[in-house]
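Guided by the hints, dock chains B and C onto chain A, whose structure is given.
Protein chains in written order, with this note's numbering: chain A, 1 to 313; chain B, 1001 to 1490; chain C, 2001 to 2270.
A couple of the hints might just be wrong.
Covered by chain C, per the in silico footprint, the following chain B stretches (three or more residues, Cβ under 8 Å) [claimed, not checked]:
| no. | segment |
| --- | --- |
| 1 | 1048 to 1060 |
| 2 | 1313 to 1321 |
| 3 | 1329 to 1335 |
| 4 | 1391 to 1397 |
| 5 | 1454 to 1464 |
| 6 | 1467 to 1478 |
No lab work stands behind these hints: they were computed from the structure.
Quick caveat: nothing in here was measured; it's all calculated off a predicted structure.
Note that the Cβ used here is the ideal one computed from N, Cα and C, for glycine as well.
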Amino acid sequence: MTEALVVTGTNLGVVISLALIAGGVIWLLVRSLKGKEVERRVIFGFVLIAVSAPILFPITFHEQISPVVKAVFDKIESLPAGSTVAISFDFDPAMAPEVQPMANAFTRHCFAKGHKVVFLSIWATGQSLLTSTLDTVVRREFPEKRERIDWVNLGYKAGNQGVLNVIVSDLRKMYPTDVNAVPLDSIPMLAEVKAFRDLSLILAVGGGFPGPKEWVLYVGDPGNVPIAAGAAAVTAPQLYPYYPRQLIGILGGIKSAAEYESAMVDKYPQFDSVDKPGLRMMGPQTLAHMVIMMFIIIGNIVFFRSKRMRSQL
Amino acid sequence: MKRILLTTTFLLLLMGVASAQADSAAPSPPAPPTGVKAVDKPNDHGHAVNISWDMSPDDGKGANSVVTYDVFRWIPAYMDSVAQIRAGLSGIRDTINILDRANRKWSVLEEHLTGDSAKLANDSVVAAQRIPQLRADLKRFRQVLASAVERLPEAHKTYPENGSWRRVGTVPAGQGKYSNVGSKEYEEPDYLPDFSDFYYRVDAVGVVSTTRSSSEVSAPVHSSGQWFNTGRTTVLVFVLAFGFLTVLFVRKARAGHDLYVRPLAGIDAVDDAIGRATEMGRPILYLLGAGTAADIATIASFTILARVSKKVAEYQTTLIVPCYDPIVMSIAQDIVKTGYSDAGRPDAYKEDMVFFITQSQFAYVAAVNGIMIRDLPATNLYMGKFYAESLIFAETGALAGSIQIAGTDEVAQLPFFVVACDYTLIGEELFAASAYLGREPLLLGTLKAQDYAKAAVLLLAIVGLLAVNVGHEANVEWLMKFKELFKVID
Amino acid sequence: MKRSTYIVMAVMALLFAVSWYFKAATYHGNVMSPLVAGFMITLAAFLTLAIISFVYQDNPFYKFAEHLFVGISAAFWMCQSFWSTIVGNLIPRISTGLSKYFGQPYRDEPWNFVYWLPVILGILLLLRLSSKIGWVSRWALAFIVGTTAGLSFIRYLRSDFMEQISSTMVPLLAAGNSGESLLSNITLSATGPFVAMLTNWVIFLGVICGIVYFFFSKEHTGLFGRASRVGIWILMITFGAAFGYTVMGRITLLVGRLTFLYKDWLGLIS
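Just chain A, with the same shape it has in the complex:
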């Protein structure tokens, strides 16, 4: 996983917190071996330290891209410039820290390759998060990309999978206008896009209902359009059966987002300076996972030890 550990800023904080965690874990082990109960608040405290330290003293890793993620990256790379790609924002603020980094990376990648992008949302809460991506990524980093020529924002439509069922064969029936009430027929980049099955690729970013699964069921399979998923970690395992035939690739959770961002920087060094929340979050993530794994190990040691003691009695 870690190719190179890049420690930015002072690493003193990390060292201190690592020491604190290590010491604490040993104390925990000793205490629980003695048969004393550990309060759950102590465990929460450890997780808090493990997560906080790398946020305050950032550490970043270089991520090796895994095949499931690479498939999505390669697909966007291989489309001829000028292809029309849709990015669907089907998530809410509670899911945003996980999946918005993916949506932002997809947006950057599509624009860097010169694709045209259709933004939409089938979650009511996705609309405002979509606007924030437009403000922070599209308008700020790609001022030369013009609305309705290089990208269009279709906004939110109510109707869940019903919307998908219609737009796969007729986009204008559900979306007669874009989000600013401009008729789709007067939008140049959508002249050739009569339905979502005319698209070159759909990037479904989300994790609830409706989400990537519904995109596969209602658009990908019947319309024969390649779909790639950017999924919240909780739902990612349920999407794997669709890979690689019905979903060309899956980004599951922040780890995949970080891999994608790494791959982006490798291919397009100009994105080295932009904010990479995926990579930024992997530091806290790694430390927290280490702490949790320690707890699992301690828990098991105590469990088997007490079992043996009971059987000896």
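Same frame as chain A, now just chains B and C:
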């Protein structure tokens, strides 16, 4: 007149020779494609034609001079008149939209932005006056267009008079087919009328777009919609087969046939757990989850509750059933009461065994956790729909030292139950358990039908695997084509 | 209320005021006024802390934040549904006057009964409120349940059933589409033929054994029982993976919230 014609012909000929001499390096046109065939696009709602042709001898081989194929359709001049009406219609619609915008409430916002309030006010007045008239015009145009469109099939019959060839599509060299797909709405510019004689021609085009040669004209073709999409036949077969099995087994179960369902470890554990509670003299906690009475998981849970309450009544243990949904509560009360009656102990039933707490998720969790800690039930049973509360329940129950048995069809919650409970009925097992205990014909019949469907899947997967792995080597035709059966074409 | 409660409340109010003052004083953007921005960030931070405080124990601040959240989300969804479904989808199709009133562009389409059907069914649903004719709402419910079930049944049958069966038909010996012989090239690379073949075996055995486990018409004994054991193992591995992913997801959310607290609220990191 005759003289003018002759002179013109002569001049044209001269020009032709001259240009040929001046441009002697210009390439000769590629050989034309042959065998142009046009057929109605199958399995669609009409308004589309598939065109195919044998590629030009100069495509890829020969002189290798074909760059693209242009597909032409003969279009009657009448189509242009229809297009004019259509243009008028959309012009009116656009005007209404623009005026409507000026008239809209949020033009107040625009006023704020532009500061030109007088103009906007004026626009608004104009709009209010003009829109009704325009809407009347729109209606009139629509009627005219509708009747004009009806005459399109007739206009196509005049071929080759009163019309012209127009390009409808271009495909790169090396391809021999094209789909001319139009809109089904006649208000759309690319409307393609059904049941009209369409004639197609394909040109092989060289590097210079003027060096082209045309094929023969195809036989006339009509586009039309089909009632049944043959590409989805397999889906229909599966739907019918599964529907048939379900009806068959539900009828069998109703008729009293003995349908075997294997005993499940979780169910045996329920009996043991009730026994354990009796020995310890502690109560049994039964949760029906956060689902409504209409959820299948809740219905399955009712059946299990019926069994549990009967056992509890027999063993004279205490039962606690806190509910999340008032309707679920009233049904559960009935069930427990019946259970006690069936066990022959209606006197032991108390109204407050089954009670309502709240419909606020975490308040419910807090209340149930309180019960777990205070009453220390020997056994906790979680059957039904559970959401984020699953782990909190299971964890608190484990801390309280209770034996825990869970069952849910919420896939996302299963891992939490699996780690924190002693037994978990995974997904369908919950329904199977319910069918096993309740022998309710609908549940039992569906379960049986599903079992047969699963057996079919097993069989198909194994045959398919054989097909993929040995089909080609054994050279058995049907094995090689087996996987194709599962392809659905839209 | 106890005296200590008043003291805690007063301290919290004071902290809130201090945070508001400092956030307003340090606000540099020009999107909203500093006073509003300061209030927003402070409120967001306090609500975050109130919710997180639940891990210590249940308390009034947590309850307040939870109820606020429940109330706001209920209202939000009600407004959203009204504006996006009724105003956004229905009104522009059925009424000129109402479209004008709600500031929506009216869609001049020929009269179509299909758009009136949901209006009728919607009214039928509302009749539930009446105890006398409440039963007619079942027609609308039956329509909703029937159409949703029908629509989903076909889609699921195709994507989750047929496509999945066909995905199980994988080559078990010569893996991959390159068709190269397995023995000529044994590597442990994730994209190599050996790993691909292993993956195919796992898929095949996993599907078969998983189905066997959920087969209820035969007792799990002998070979059948062994296959079912493998099936339950594969299920458990899947649950483990799902659990791991969930932990990752939850930690990410925590990182997101803590980043907000440290960066946007406290300004500890840039």
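Hint check:
1. 1048 to 1060: violated (count 0)
2. 1313 to 1321: With 0 residues closer than 8 Å to chain C, the segment 1313 to 1321 of chain B misses the three-residue bar; violated.
3. 1329 to 1335: Result for this restraint: violated, n = 0.
4. 1391 to 1397: With 0 residues close enough to chain C, the hint is violated.
5. 1454 to 1464: Coverage by chain C holds here, the residue count being 8 at a Cβ distance below 8 Å.
6. 1467 to 1478: Answer holds; 3 residues pass the 8 Å Cβ test.
In summary, the numbered hints that this structure violates are 1, 2, 3, 4.
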